[in-house]
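Residue numbers (our numbering), protein chains in the order written: chain A, 1 to 161; chain B, 1 to 387.
Source of the hints: derived by calculation from the structure; they are not laboratory data.
Be careful, since some hints might not be right.
Stated by the list, open to error - If you want a taste of the chain A side facing chain B, the calculated C-beta under 10 Å gives, among others:
hint, residue
1, 7
2, 9
3, 27
4, 70
5, 123
Here a beta-carbon is modelled for each residue, glycine too, at the ideal position from N, C-alpha and C.
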Amino acid sequence: MAWLVFVVLSGIIVGGGLGVVTTRNVVYAALFLLVSLIGVAGFYVLLLSEFLAVVQIFIYVGAIVIVLLFGIMLTRSDEYPRIADNEQWPAAVLMGLGFFTLLGLALLTYPNLSDERNEIALPTLGNSLFTDWALPFEIASLLLLIALVGAVVLAREDKKP
Amino acid sequence: MKGLDILILTATLFSVFTALSLAVLSLIWIERKLLGRLQRRLGPTRTGPFGLLQPVADGIKLIVKEDLVPSWADKVIFWTAPLLVIVPSFMIWVTIPISRNLVVENLDLGLFVIVALLVLSILGLVLAGWGSANKYGALGSLRAAAQLVSYEVPLVLVVISVAVIAGSMDLRVISAIQMPLDTAQPILNEAHSNFSNFNHVGLPLIFIFPLGLFIFLLAGLAEVGRTPFDIYFAESEIVGGPFVEYSGAHWSVFFLAEYMNTFAVAALAGLLFLGGWYGPILPEWAWFLIKTYFFVVIIFWIRGTFPRLRIDQLMAFGWKVLMPLSLMAVIMAAIYRFYGWPAWTLTLMSLSGLIMVGFAFYLRYTRPVLRLAKKYGHRPGGKRNVR
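Next comes chain A alone, as it looks inside the complex (with noise of 0.2 Å):
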């Protein structure tokens, strides 16, 4: 039954990523992203972490792909004639080929692999997120916080006195 959920799941998210990939319009692109956001969701679902899975459509749904759209309207759709024709696709691909072995690699020598899946308790998860692991969050959060300086350069006015 799982790994027919998975199987379906899987398809959704393909679907949707080569959907972003191929669409000629703008939106639809972040439409399709967001068909494959909520299959990532799913797939959280599938491995217990309920929580992993509504964090997942909060913040990709509620946020993200809004932001997207927000900016998407806010240039006129005459600027981008010809999705297709971007010049750093080849890179693009470089990228993702390279990120693909990584993560191939990262699961092969993975030591322990089961198929046991286990939920986590909210305050065990609360725990260890904020003192194990408390400063891969906070570089996290200063991440967040460095773009939205940047956005804010960038939006800025230069004022010439």
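Starting from the known structure of chain A, fit chain B onto it as the hints suggest.
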């Protein structure tokens, strides 16, 4: 899952939807009557006794109206946007407990799931405005995205602080900790202990955490787009925003979703801050409805009293007032829980926060106006000084 289970689940969901539709009808009637009375009118009187059938007449009118599609519209997005709005607002009700046992599916993460679903409806609004290929629609979508994304931060933070105080995200547990211990104990025992670390308070949270209620109501109003935070479909500015091209049944779907969300915010306020279904004499579901309709009336009262904010005022209020205040609320709740202080310290802390905000508002808005009024000879009562 057996066939019978699926049948029962379908029947349950259908009855929930019917009950919700009835609640929405009652909300429409209350709103029209209350707004009428607030404006020294009678409100609807002709259809049925006290105008009780007015919402039904409205519904019939909406359904038989022609459903227009603008020729430039993106058909797929235009038709899916109402679904993306109504489905989350309906799914919220799956996990809201009407009474101790009356809930479709109680979730350990109930509160968090509800907030996540409440936030999902932004997507439908944004797509509705974009898909209808209308300038007012697009403006409304942009406003909706900006407003809802900014107000979701205080909403989440205040929900987090309530979860910290209660030590759980299970809505039944959060209600139970506000009841006397002998009523609460069976519910607490029954609850899934995996996601909780209870803290029994014994008083409705409105008494120990009024700041939380203040932030929750304001951010909730903004999140469902009620006046004074309804700038994204402000009729007098952008003629309906994302819904400008919708008509007939599809428009009524948006309308239904908005009222369902309003009802959900009121119900959540009752569950989180007034002790949920607990009360003397009357049955549990009756107390739930009483508390919910209490907040519904407050929401409509606010609508009848305050003018709509301007967009810059709205964003400034969200980021400069509600955001720091909700961060303060989280810190207060965390301090209270971490040091295990008695409940009245939290009351004191949140009251001082509220007073601070009130004083800041007085300094910024009320005092300059009063000074001007004095200078030009107006007394606050509205009569002119006769010299």
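Going through the hints against the structure:
Interface restraint check for residue 7/A: the shortest CB-CB distance to chain B comes to about 19 Å, outside 10 Å, so the restraint is violated. A distance limit of 10 Å between C-beta atoms decides the matter here; for residue 9/A the minimum to chain B is near 18 Å, and the interface restraint is violated. The restraint placing residue 27/A at the interface with chain B holds, with a minimum CB-CB distance near 6 Å, inside the 10 Å limit. Because the closest C-beta pair between residue 70/A and chain B is about 5 Å apart, less than 10 Å, the hint holds.
A cut of 10 Å between beta carbons decides the hint on residue 123/A: the least distance to chain B is about 5 Å, and the hint holds.
The structure shown violates the earlier hints numbered 1 and 2.
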